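Numbering (our numbering), first residue to last: 1 to 280.
Treat the hints as calculated values from the structure; they're not laboratory data.
Check before you lean on any hint, since a few could be wrong.
What the hints assert, rightly or not - List time: in silico DSBU-like cross-link candidates among lysine-lysine, alpha-carbon distance up to 35 Å:
{"no.": "1", "residue 1": "Lys193", "residue 2": "Lys266"}
{"no.": "2", "residue 1": "Lys239", "residue 2": "Lys256"}
{"no.": "3", "residue 1": "Lys193", "residue 2": "Lys239"}
{"no.": "4", "residue 1": "Lys121", "residue 2": "Lys256"}
{"no.": "5", "residue 1": "Lys200", "residue 2": "Lys239"}
{"no.": "6", "residue 1": "Lys193", "residue 2": "Lys256"}
{"no.": "7", "residue 1": "Lys275", "residue 2": "Lys121"}
{"no.": "8", "residue 1": "Lys266", "residue 2": "Lys121"}
{"no.": "9", "residue 1": "Lys193", "residue 2": "Lys275"}
{"no.": "10", "residue 1": "Lys266", "residue 2": "Lys200"}
{"no.": "11", "residue 1": "Lys266", "residue 2": "Lys256"}
{"no.": "12", "residue 1": "Lys275", "residue 2": "Lys200"}
Since we're looking at a predicted model, the values are computed, not measured.
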Amino acid sequence: MSQALQSAKSTIYRLVGTDDHDYENNEDDARSEDLEKYTIATDRIPFGQVIRSKHFVILIVTLLAFNVLFWIGVLIQSNQSNSATTTERFSADYVPAFQPLTRTFEDTLSFGGPRSRFTDKNWASLIPQGGGFIPFRNPEAYGMPSDTRQSNTDISTILDTDGMPTANATTPSVQFWGVSVFHQLHCLSMLRKIYWNDRKGIPMEREFVDHAAHCFDFLRQALSCYSDTTLEMPQLRTKGEDSAQDGIDRATHSSKRQCRDFESIKRWTEQEYMKAVGEM
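Start from the sequences, fold in the hints, and give me the full structure.
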């Protein structure tokens with residue numbers, strides 16, 4: 001202890017009427033006496049009485065309250081985080097989510113055979129009336145921009161001779177948008193016609209053939225987007241007694257798949273289209 005601090009301490013002791021030695025002794029005695037009293041007192045307090053004391057109860061209630069508030073905060077933050085990740089909507093959400101179906105694939109001459117009135121009719125039956133277009137009244141609510149190209153209110157210019165929307169196909173409150181699966185089937189049907197016409201030497205318009213480039217790339221992206229992960233057995237070539245009996249063992253078709261209900265989607269699309277036309 002420095003000389004200045006010792007001098008100040010001595011001055012205080014003189015003011016209170018004691019010297020520093022007596023004060024230190026008194027201070028030590030007081031601490032010893034207090035400690036002894038506290039020890040005696042605590043030794044005599046039963047544990048049950050401590051639990052029932054007001055201060056102990058307040059402490060426990062406070063801890064429980066903080067615990068409850070903490071978990072409420074965690075739940076609120078979790079809900080806010082989940083809401084932030086699930087609020088994004090896509091235009092596909094506009095179409096009802098029909099119950100999925102289990103099915104297997106098969107080879108069918110009704111669709112896979114050469115062009116004929118029969119096969120052409122079957123392919124045409126895949127597209128609902130209206131070409132797969134439906135009224136889409138609030139595209140902005142599904143993260144899509146309003147199609148400002150559609151602005152004509154005259155019903156005669158909304159639909160072409162095949163009942164499909166034209167470039168000016170809407171009323172101020174209704175726009176026609178296509179359900180993608182029917183665009184994909186339209187492209188596949190076009191490629192089929194080009195293939196079989198070429199096989200038979202049937203000439204085609206240049207514009208029709210040039211459009212096929214779009215269809216190849218569009219179908220590539222559609223298949224990659226939905227990426228069917230069904231596991232398939234490999235297709236094996238079989239040897240017959242002669243080349244005419246050679247074939248392919250399509251074990252691929254034995255795999256069960258979970259599919260969207262195409263017929264329900266097609267029916268809903270056509271109903272929505274017909275309702276919109278009836279309202280115009």
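List in ascending order the numbers of the hints, as given earlier, that are violated by the structure. Hint 12 contradicted; others consistent.
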